Structures are given as structure tokens and as C-alpha cells.
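J.: Each chain, letter by letter, is given below.
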Amino acid sequence: MLKIEDLRASVDGQEILSGLNLEVKAGEVHAIMGPNGSGKSTLAQVLAGREDYEIDGGSVQFEDEDLLELSPEERAQLGIFLAFQYPVEIPGVSNTYFLKAALNSVRKARGEQELDAMDFLKLVREKVKVVELDESLMKRPVNDGFSGGEKKRNEIFHMAVLEPRLAILDETDSGLDIDALRTVANGVNSLRSPDRAFVVITHYQRLLEYIVPDVVHVIVDGQIVRTGDKELALELESKGYGWLEQAGAA
Amino acid sequence: MEATTAPTMTKTPNVDTSESRIESYLDRYRELSDDTSRSPGRLAALRAEALDQFAGQGFPGRSEEEWRFTPLKPITHTSFAPAELDAEVDGAALRRYFYEGSCNLVCVNGVFRSDLSDPLEGGFELANLRGSLGGGGESASEWLVDRLGTLAVSERSPFVALNTALSVDAVALVLPRGVVAEKPVHVINVSTGDVDAVAHPRLLISAGENAQGAVIETYASLGGAKVFTNAVTEIECATSSVLRHYKVQRESLETAHMATMQVRIERAANFSSHSISHGGGLVRNDTNALLDGEGCVGTLNGLYVVAGKQHVDNHMFVEHKSPNTDSHELYKGILSDRSRAVFNGRIYVHKPAQKTDAKQSNRNLLLSEGAMVNSNPQLEIFADDVRCTHGSTIGQLDPDSLFYLRSRGMEEKAARSLLTYAFASEFVELVESDALRKDLQEFLFSRLEGGDIVRQAV
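For the protein sequence lines, the chains are A and B, in the order given. My numbering puts the first residue of the first sequence at 1, with every later residue one more than the last. My numbering puts the first residue of the second sequence at 1, with every later residue one more than the last.
In short, the hints are calculated from the structure, not lab data. Note that the structure is predicted; figures quoted are calculated from it, not measured. The beta carbon of each residue, even a glycine, is placed where N, CA and C say it ideally should be. Treat the hints loosely; a few may be bogus.
[What the hints assert, rightly or not] Computed spacing ranges between beta-carbons, pair by pair:
id	chain 1	residue 1	chain 2	residue 2	range
1	A	206	B	368	44 to 50 angstroms
2	B	98	A	186	50 to 56 angstroms
3	A	59	B	432	53 to 59 angstroms
4	A	174	B	387	34 to 40 angstroms
5	A	186	B	118	56 to 62 angstroms
[Stated by the list, open to error] Cross-link-like lysine-lysine pairs, in silico, DSBU-like; alpha carbons within 35 angstroms at most:
id	chain 1	residue 1	chain 2	residue 2
6	B	413	A	151
7	A	129	B	438
8	B	438	A	151
9	B	359	A	151
10	B	183	A	139
11	B	413	A	129
12	B	438	A	108
13	B	413	A	122
14	B	413	A	3
15	A	122	B	438
16	A	139	B	359
17	A	139	B	413
18	A	25	B	413
19	A	139	B	438
This is chain A alone, in the form it adopts within the complex (with noise of 0.2 angstroms):
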């Protein structure tokens, strides 16, 4: 499904992507993990489209399509979604007609039937159970004034509704207390299926004790140094990166 071959990227003249490789296939759940500062959130965004980043090199698939060439919408229409870490509060716009309004311009791209006010409703009325979001949040416009957890929530929640091929969580479960980081969970694990692929990237094993990945990859200086199974991420919980930094810089 995606096919990430050695990627370079860089921001203001300075290497944060550095020859990084990586394949997921429809089903799978691939954890990122690495320390502070080694790619984790920069891999995120460049695959989200952010235009900030140069790309210096190697290439993007995204099934038949070259995804560096597309613009954020582009990938969002064919599938890709990004939950922020830092989610972005927009006032003035309500969270409901916000996502109506990418909901439709998702599916008009896909040849679908825009959504009328009544289906869209229901379709929210039903995904808002999976992320136990309050439904006053609905018509609060988009994270202006959620706390934390509320706009992680959310995230995972406008996720449910835009139901995307590829969803890449970019440190969904920093800040999170037990109780939100289980719902964040239930409610990727309730989205998880054979056509459908997570990135999930995170500085801690512990989401990884509620989102079970397939495959664990650590990033360091701006490659994938080492990928393994569940085990790896619990080894990193108990032997820190440093092992791994000399390894990478060897």
C-alpha cells in the first residue's frame, strides 16, 4: 500500500529525513518509535503533504500513485489521514460542518454522493460512540477551547468519519492520561481491517500495550536503524535509544 524508498528531506538547508525506507501493506499496523528530534514527526508530515519540507530525494508510493507530486488534499482525498499531534483549534467554524465539509470534498474526489444533512447526522451520531466523545463538542467549533485529551479525541474521532485507507498518528498518545489513551486506542483498534493500514508513531511503548502493531521500526538521525516485532518496542522501553544511536551513527 505504501512504499517509502530512500527519502530525504530537509527543512532550511538542514537533513531531518536521511535515506529512509519503509513498507506497509493494507492490514497492517507499523509503530515508529525513536527518540526526540530523529524524524518521527517530520516522516508524518511529509507524507501529509506539509510543503514546508524539501524534498531532496527518493520516492513516495501510495498504491498506483506517486504521492510526492500530490497536494494535502490530493492525499486526503485518495485516503491519507494525519491525526496532529498538536491539533490545530480553528474558531468560528463548528467541528460538525467542518468535517461535513471534508467528508464531502472526500467523497466527491472519490465519485461518491456527497452527504445530505440527515445521513451525515447519523454517520456522526454513530462514530462519536466509538471515540466516547461528548456530543456538545460537536457543535463547538473545531478544538477551540477542547482540552488535551478532548482534541486528541477528536482526532480519532474525525478519523472514524473520514474512514481513510492509511491513517498515520503522529504522537496521538503524548499527554494523555490511562482512561483517554484507552479510548484513543478502542477506537483505532475498532477501525482496524484487511484494506486498512496504521502508522502509528509514538516516543513510548505504552500505546503499544492497547494498539498491538505488527511491525515496531525505531527511526534514529532520520532512518529506520532497526525493525522488529512487539518484543523490540518493549526492549526500547527497557534499554532507552542510547544503544541504538551508537548503533545508528556506526
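Please arrange chain B on chain A, whose structure you already have, making use of the hints.
T.: Positioned in the frame of chain A, the structure of chain B alone reads:
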């Protein structure tokens, strides 16, 4: 503030060609002097003084600090005829501006027209100089003659002087003591005609002790000519009154609009003003509020949305004269193309005005590289126990927000429009009048690219 000179007819040096323009206003005054019904009681003397004042000062030059950023050329370099007094009006075009749930009163070229207006109801009393001083509310008539020109004084501004000297009508809206108005009064000022013309609309509003009400002023164009609208509004809020004031400036791009609003707020009264400017080629609002009684509150908010080569200028002067008074100012601007905006926020705290709480904020969104804003806060504080905060920002759309929306599938144009709307929404939500708020939203949707998407999203 300004040196008091004896009112003589000698002119100070002025912008070259404006000399002859000034003559034409003096000629107009002589023409009007036969019409004694225009100036009952003290008004004859007031108008004569105002004319002297204007003749003495002429139009302000760019060298004057208060006028440095206001390009007055469309006014000083155009010969304006006096606007037609009993102009015919296309009723359908006019009714577009009526608000449901309000009492809509129409002034055409600065003259009140009962034939085009809704019947007065809801609690306000009405009087106007031209024609109906006898027929209008007795107390409102008296009050009008008594108070005109006492708040907006000619010494402060040549445009006020010009209005005071030449206005052919004046409308007074009086909310008697203790009355709670059932519906807002909406004063619709339209200009008509196909020749370059000038009108001087004059409005006086009084909220009596413990009274409560709302007044909306709309300025719009029905004709296509170059128009100079020189408006003055004087407002008094008596003890413990609550008055909401709204102004919508939506005239044609050919219009030069100069407006002074002078407000006096007495003890424990609560006055708020929401000013929307999106029409006109050259627009200047001088908004002056005097907080003149302990515990009163003045809220002055504004939104300007300009494009092309429009110039909009908001000059605020908030004067705290009494202790424990609060003022809040929030002005937001959205500028495209090569448009210009000026925000001058002057706050003056007199020595006795201890415990003053003055907040001022001016935020600007520039949607193009050619747009420009001058934002200039000015604090003069003579009391020692006060809280005054001010802030001003000039910026573009936030790239993080833009990426967030696009990454959810929204087209870039729609995402930009949505964020632009979101910027304005802080002001939109402060508008308590439903009809006006919806009208403003519709304007924003029509102005934004992909406005239909935005309409659905809010």
C-alpha cells in the same frame, strides 16, 4: 487641543486646488440661509459658528498628525453638488437594506423620509428638523434643538463643522427614561443620483436614565455617482442606560465616507458600538467616546473588510474621565489586493479616573502582499492606578491551520476562505442583532472564494 483663534474668514494655507472647493461650500451656506426652518432657536448661531470654523480651518492637510495617513484627495479635489433633497427612490432597491424585526427608518441624501419608512414603534421617540418638528415627538423635537452640536463640536474636526453648517436635516431618536425598546431602530442612509454630490447626514440618539435599546445605522448607495457622505452621529447615554449601537458602511466604491461618532456615557451606563466597514473607496470613522460617570462601560468593536484600492481608517479616541470606568476595543481587519487600513487607537485617562480598565486590540489579516496597515496605539495616562492594555497584530493566515484543513481534504481556496471567515467570526459572534449578524455573514460568504463551502461550515 487646538489653538482657539477668533472666528474670522481668513484661511490658513491649504492644499492648492481645494481652495475653490471650499468656496462652493460657503456658497451653499448662503443658499441655505433663506431656509429659516432649518435652524430654529440656537441652531442659527451654531451653524454660523460652524461655518466660520470650517472656513478658517479648511480641509486638513497631510502634515497634520491626525490626518497623516488619510488621503483626502477624493474629497478635496472633487466638486460636489449638494445632493438632491426630495430624490425619487427605487423602493425595491431600498427594501433590500431593511431588517426584519427592526423599525426601519429611511434617510435619503441626509433627509428623513417618513414616506419610505416603517411606522415608528417599539419605544423610541423620533423627531427631525425638516418638515416634522411639529409632527414628531414633542420632547424629541425640543431635545434635538437643544442638543445638536453639543457633543460633536466643530472645533475638533472640520468635517463636523461642515456637517453642522450645512446639514439640511437632523434626526433625533430619543428613548425616554425607563423605557426598554421592543425592537431596534434601523436608520438607513442612502445616497442617490448620477451626479457627484455631497450629503451631511446628522443623527442624534439619547438613551434616558435606565432605558435600554438598540440603534443600527446603515450607509448604502442607490445611485452610481461619486458621492461624499459626511456623517455625524451624537449619542448620549444617561445614568444606568444600556444602548447597543451598530453601524454598517456599505456604500459604493465611488463613495468617500467621513463619519464622526461622538458618545457620552454617564454613570453606570453601558454603551456598545459595532462598526462594520466594507463599502466606500475612502472611509474614515472618527469614533470618540467620553466615559463621563463612575462605573460606566464603553465597548467599541469594529470589522473592516476591504479590497481593490479601498482605504479605511478608524480613528478611536476613548476618554476616561471618571473612576472605575471600563473601555474595550476590538477592531479586526481583513485586507486584500492593494487596500489600505489605518487604526489609530488613542486612550486618554484623566487624573481623577482611577481604577480605569482600558483594553484595546487591533488585529489585521493581510491576504495579499500589496495590502498595508498602519496600526498606532496612543496611550495618555494621567491617573496612577489604572490598567491599560493594548495590542496590535498584522499577519497572514496561519500555515499550520491551513495545512490542518487541507490534510482533511479541503481544497486550498476553501481552506483559506474558511480560515478568513474564522478570523472574522470573533467579531461576527459579538453582533447581537440576528438580522444584522446574518446579513454580515452573507456578505462574508459572498466575498470569500468558495463561500458556499464556508456557508455550510459555520
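J.: For each hint given before, does the structure comply? Return the numbers of the non-compliant ones in rising order.
T.: none
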